[in-house]
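Chains as they are written, first to last, in the numbering used here: chain A, 1 to 603; chain B, 1 to 290.
It should be emphasised that the hints constitute simulated quantities derived from the structure, not laboratory data. Be careful, since some hints might not be right.
Claimed, not checked - Straight-line distance between alpha carbons at most 30 Å, and here's what the computed DSS-like set of lysine-lysine pairs gives:
no., chain 1, residue 1, chain 2, residue 2
1, A, K367, B, K180
2, B, K68, A, K261
3, A, K261, B, K240
4, A, K146, B, K68
5, A, K261, A, K220
6, A, K281, A, K261
7, A, K367, A, K146
8, A, K233, B, K240
9, A, K475, A, K530
10, A, K261, A, K530
11, A, K146, B, K180
12, B, K180, A, K233
Unchecked claim - Simulated restraints on C-beta separations:
no., chain 1, residue 1, chain 2, residue 2, range
13, B, G213, A, V477, 51 to 61 Å
14, B, D253, A, G508, 30 to 40 Å
15, A, G236, B, L20, 35 to 45 Å
16, B, I250, A, H512, 23 to 33 Å
Keep in mind the model is a prediction, meaning the values are calculated, not measured. In this text, a Cβ means the ideal position worked out from N, Cα and C, and glycines have one as well.
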Amino acid sequence: MTVDIEPRSETGTTVLLSGNEAIARGAVEAGALVAVGYPGTPSTEILESIAHRTEMQVRWSPNEKVALDVALGASLGGVRTLCTMKHVGLNVAADTFMTMAYTGVGAGLVIVVADDPGMHSSQNEQDTRAYARMGGVPLLEPSNSKEAKAFTALAFEISEQFDTPVLVRTTTRVSHNRGVVELGDRMDKPVVGFERNPQKYVMIPGHARGRRPALLRRLKELAEYAETSPLTKESGTGDSFGVVTSGIVHNYLREVLPDAKALKLGMSHPLPIGRIREFSKTVDRLFVLEELDPIVENDLRAAGIAVEGKEFFPQVGELSPDAVRRGFAAAGILPEYLSIEPAPGTVARPPLLCPGCPHTPPYLALKRLGAVVTGDIGCYTLAALEPLSSMDTCIAMGSSIGMAVGMAASGGAGAPVVATIGDSTFLHGGIAGLADAVYADANITVIILDNGTTAMTGGQEHPGTGTTLQGAEAKAVDLVGLCEALGVRDVRVIDPYDMGATYSAIEGAVAHIGPSVVITNRPCVEAPVKVRDTPFKVIAEACTACQLCMTAGCPSIVWSEETFEGRRKVVIDPVTCTGCTICAQLCPPLAIIPITSEAEAAR
Amino acid sequence: MSDNSKGLLLAGVGGQGVILASMIIADALMRAGFDVKQSEVHGMAQRGGSVVSHIRWGKEVASPLVEKGSAEVLAAFEWAEAIRWVDYVRNEGAVVTDIKTIVPPGACNDTHAWSTAYPRFEIDLFRSRLIETRFVDATANAVQLGNVRAANSVILGSVAAFVGIDLIHWEEAIASLVPKGTEEINLAAFHAGMNAPMAQIPAPPAEPAEYLGPHLIDIQQDWCKSCDICPRVCPEHCLKLDTDGTLLVINADACTGCRLCEMLCPDFAITIRPPAAAEHHEPAISGRKM
Ligand code: SF4
Ligand code: SF4
Ligand code: SF4
Ligand code: SF4
Numbered sequence: 001m002t003v004d005i006e007p008r009s010e011t012g013t014t015v016l017l018s019g020n021e022a023i024a025r026g027a028v029e030a031g032a033l034v035a036v037g038y039p040g041t042p043s044t045e046i047l048e049s050i051a052h053r054t055e056m057q058v059r060w061s062p063n064e065k066v067a068l069d070v071a072l073g074a075s076l077g078g079v080r081t082l083c084t085m086k087h088v089g090l091n092v093a094a095d096t097f098m099t100m101a102y103t104g105v106g107a108g109l110v111i112v113v114a115d116d117p118g119m120h121s122s123q124n125e126q127d128t129r130a131y132a133r134m135g136g137v138p139l140l141e142p143s144n145s146k147e148a149k150a151f152t153a154l155a156f157e158i159s160e161q162f163d164t165p166v167l168v169r170t171t172t173r174v175s176h177n178r179g180v181v182e183l184g185d186r187m188d189k190p191v192v193g194f195e196r197n198p199q200k201y202v203m204i205p206g207h208a209r210g211r212r213p214a215l216l217r218r219l220k221e222l223a224e225y226a227e228t229s230p231l232t233k234e235s236g237t238g239d240s241f242g243v244v245t246s247g248i249v250h251n252y253l254r255e256v257l258p259d260a261k262a263l264k265l266g267m268s269h270p271l272p273i274g275r276i277r278e279f280s281k282t283v284d285r286l287f288v289l290e291e292l293d294p295i296v297e298n299d300l301r302a303a304g305i306a307v308e309g310k311e312f313f314p315q316v317g318e319l320s321p322d323a324v325r326r327g328f329a330a331a332g333i334l335p336e337y338l339s340i341e342p343a344p345g346t347v348a349r350p351p352l353l354c355p356g357c358p359h360t361p362p363y364l365a366l367k368r369l370g371a372v373v374t375g376d377i378g379c380y381t382l383a384a385l386e387p388l389s390s391m392d393t394c395i396a397m398g399s400s401i402g403m404a405v406g407m408a409a410s411g412g413a414g415a416p417v418v419a420t421i422g423d424s425t426f427l428h429g430g431i432a433g434l435a436d437a438v439y440a441d442a443n444i445t446v447i448i449l450d451n452g453t454t455a456m457t458g459g460q461e462h463p464g465t466g467t468t469l470q471g472a473e474a475k476a477v478d479l480v481g482l483c484e485a486l487g488v489r490d491v492r493v494i495d496p497y498d499m500g501a502t503y504s505a506i507e508g509a510v511a512h513i514g515p516s517v518v519i520t521n522r523p524c525v526e527a528p529v530k531v532r533d534t535p536f537k538v539i540a541e542a543c544t545a546c547q548l549c550m551t552a553g554c555p556s557i558v559w560s561e562e563t564f565e566g567r568r569k570v571v572i573d574p575v576t577c578t579g580c581t582i583c584a585q586l587c588p589p590l591a592i593i594p595i596t597s598e599a600e601a602a603r
Numbered sequence: 001m002s003d004n005s006k007g008l009l010l011a012g013v014g015g016q017g018v019i020l021a022s023m024i025i026a027d028a029l030m031r032a033g034f035d036v037k038q039s040e041v042h043g044m045a046q047r048g049g050s051v052v053s054h055i056r057w058g059k060e061v062a063s064p065l066v067e068k069g070s071a072e073v074l075a076a077f078e079w080a081e082a083i084r085w086v087d088y089v090r091n092e093g094a095v096v097t098d099i100k101t102i103v104p105p106g107a108c109n110d111t112h113a114w115s116t117a118y119p120r121f122e123i124d125l126f127r128s129r130l131i132e133t134r135f136v137d138a139t140a141n142a143v144q145l146g147n148v149r150a151a152n153s154v155i156l157g158s159v160a161a162f163v164g165i166d167l168i169h170w171e172e173a174i175a176s177l178v179p180k181g182t183e184e185i186n187l188a189a190f191h192a193g194m195n196a197p198m199a200q201i202p203a204p205p206a207e208p209a210e211y212l213g214p215h216l217i218d219i220q221q222d223w224c225k226s227c228d229i230c231p232r233v234c235p236e237h238c239l240k241l242d243t244d245g246t247l248l249v250i251n252a253d254a255c256t257g258c259r260l261c262e263m264l265c266p267d268f269a270i271t272i273r274p275p276a277a278a279e280h281h282e283p284a285i286s287g288r289k290m
């Protein structure tokens, strides 16, 4: 959630900004004119917080690859450009990323990648610092909101000084951490203009061979910069041990060992090996404290510096003050770690689809059909959990369709093969998969769950919604026309709230030989507008406690105090019920009715 | 801990407004002149899952995360969440919790193994760690003021006593962050929360009725004409037509007694009976047409 703090505040004022808002503000102050990205937790609010700025072009792209292409084009055109994504988004953009390190940039280009250690809202916890090494791109790691703003602005300078894209890597606890930030002036950075230079920008083998040594030279210069840069900061005292840190974990260290000698790396690639070597000579034991993979640790070992690290601090999940305390206790630096009395057991509360979510009925139908369902990334991935439990795979953005093609080709599914994918995810990475389904004449059904928004990340616009990030009208991709143009013969549009129609459409599409597409057409109940229809209620006397309504997993339906034949009857919470009618259509004795009909009857 | 920074945890269920409330607390602390850090998690967790926000404040705050066993106070918008996060509270700290209960659907289905029980209102553990527990009926307070959505501000008001900053900072923070037009009601709710009496702990929810097992499916085989209607309607996949047309019960344990099969069989070949021990009621569905 973003609150519009940024526009109301003026230079010199002190405000609370999230790491994401601070990054955006850093780009604003650095004079960036273009900001692009694809939504993804925990990076989404960066662009949202500056969407209102009329002096800038702030836009969602259909995916991270396109966003990075747009960003590079803008940079070559001579404007400072910000590009944002989550960690797995960089996989999608990696093709451009790896080669843009060769070309270098025009005006400053900063790529913000938000990692999600602990996988709060992601399918993996890959470490973006590995990409910096693979691509040969410098990487800055802010540890709080103040640094998020300052490092972003500095990243533009580094980008221009060294002619390179610069990565700014945050983690969930930096992006979604609010801290006090002082606002500064916006720099005026007029458009420089495009300078033709095919040797630099046309990466045919002959040109690229010349750029590869340039990239390595640049890395060397950047390493020298890191040696003397104020980004590398030494603090604390003592000679028995020292700690190399970067990013959020530096704060945990300071919490647990406020005075320990530490070398904080603001730029963690390339490493200031000389500084670290000097630092290591001043202490008896050298620790590397880093979240996720032992990347700095391995680099230092390779440089012949003796370090300790992952034997004390977990490689899995996010670190915390507790984890750091435990690690230093195990290393003999702190007294033995005493665990707090654990919280007593409480009820499991996994995330759920919203009351009235239009994704529910297609999954009820798929469960009924016993289909093998290749899933994708979005709210609907929750259909993999009880009670819908009707999704068999979920890997990466757009993977559902290609995987369905492969599953069908294997001949081993043993049931109809159905891919389910959201509208935003389909436009992000599903179109090529559908082209392949047609090309292979695969006997699969693709259900496009079109709820008119990017729901999981909070309701962002995309090329199919007909609106821009600013809410202005835009051209919308016609999904039916697109599927037909790709060569799908059987395309059906259904109202998912009509359970009968949903069942028979999906059954019909599955029966079709060759690829078929079913598109649902109900909007998300939460965004862009909250859909709230007449809530429903249960007639207690008529309820037979079969709990069939509960198989839809609607959070508004809970147990009542009454029982029937040894089983609990149910009640509906009228405050959260959106009146979608799904449960009413499921109820065998028709015990679920809209609340008004009773009021009307009473009149 | 560095320069005695303090910690507060705010917990609730996705959609309850935990993040806005924690922004208000953080903003109030900043207005009171503290360095503040506040950390939360977005995305999937917000879809009705458990949501928690950490707030740290002091002269200069290092970690945005509260360490276990160190929070001054835990503010919970829901009872089960108070229990989930209480291990972050320090001994002799405080818990302010709404007496509201949001029972997840997973705790409400006695036909499936995945049910987990909703915790009862018991504070033995809180007592053993000398944690002061304050129950607030935020919903009732907010309803009294005329807007149930101001319930979070009631909790904030009750939390204020444990934070110890001047009222003016709270008032300014609330006024600047709540949705336009709701400033007055939220301020009133905050004041109500400051003076809210200890709420009556609700009576424990009645123990779930003992699950007596699946219903019993009686099939009059010679009346069945193998039309395949019941296997297709049974939501629990209990029935199946064999290749020779005999109707088989293939999943007797799953029958919920919904009687769809009984109602839709054109030849009255199926009778569903409740599990033995249940007292028998005449099903309310008799005579109803589908
Ligand atoms: S109508 Fe039924 S399924 Fe739909 S939101 Fe209300 S209770 Fe949930
Ligand atoms: S489906 Fe109808 S009869 Fe069955 S539990 Fe729900 S409300 Fe009661
Ligand atoms: S009563 Fe319901 S659950 Fe049981 S067999 Fe008949 S249709 Fe299936
Ligand atoms: S509906 Fe009745 S007649 Fe048809 S198959 Fe089932 S039991 Fe037999």
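These are the hints, each one checked on the structure:
This hinted pair does not check out: A:K367 and B:K180 have alpha carbons roughly 45 Å apart, beyond 30 Å. Between B:K68 and A:K261, the direct Cα distance comes to roughly 25 Å. Compliance with the 30 Å bound is thereby established for this hinted pair. A threshold of 30 Å between alpha carbons decides the hint, and for A:K261 with B:K240 the separation of about 72 Å lies outside it, so the pair is violated. Pair hint A:K146 plus B:K68 holds up; C-alpha atoms about 26 Å apart against a cutoff of 30 Å.
For the hint linking A:K261 to A:K220, the alpha-carbon distance of about 27 Å falls within 30 Å, and the restraint holds. Proximity of A:K281 to A:K261 is assessed by CA-CA distance (about 12 Å); at most 30 Å being required, the pair is judged to hold. Between A:K367 and A:K146, the direct Cα distance comes to roughly 49 Å. Violation of the 30 Å bound is thereby established for this hinted pair. With a C-alpha separation of about 71 Å, the suggested pairing of A:K233 with B:K240 is violated against the 30 Å cut-off.
Between the alpha carbons of A:K475 and A:K530 the distance comes to roughly 23 Å, so the proposed pair stays at or under 30 Å and holds. With a CA separation close to 52 Å, the supplied pair A:K261 and A:K530 exceeds the 30 Å bound. Distance check on the hinted pair: A:K146 and B:K180 sit about 28 Å apart at the alpha-carbon level, within 30 Å; holds. Taken as a hint, the B:K180 and A:K233 pair is broken in the structure, with Cα atoms around 43 Å apart against an allowance of 30 Å.
Separation of B:G213 from A:V477 is about 52 Å and conforms to the stated range, judged on CB atoms against 51 to 61 Å. Range check, B:D253 to A:G508: Cβ separation about 32 Å, and the 30 to 40 Å hint holds. For the pair A:G236 and B:L20, the beta carbons lie near 37 Å from each other, so the given range of 35 to 45 Å is met. Checked against the given bound of 23 to 33 Å, the beta carbons of B:I250 and A:H512, roughly 29 Å apart, stay inside it.
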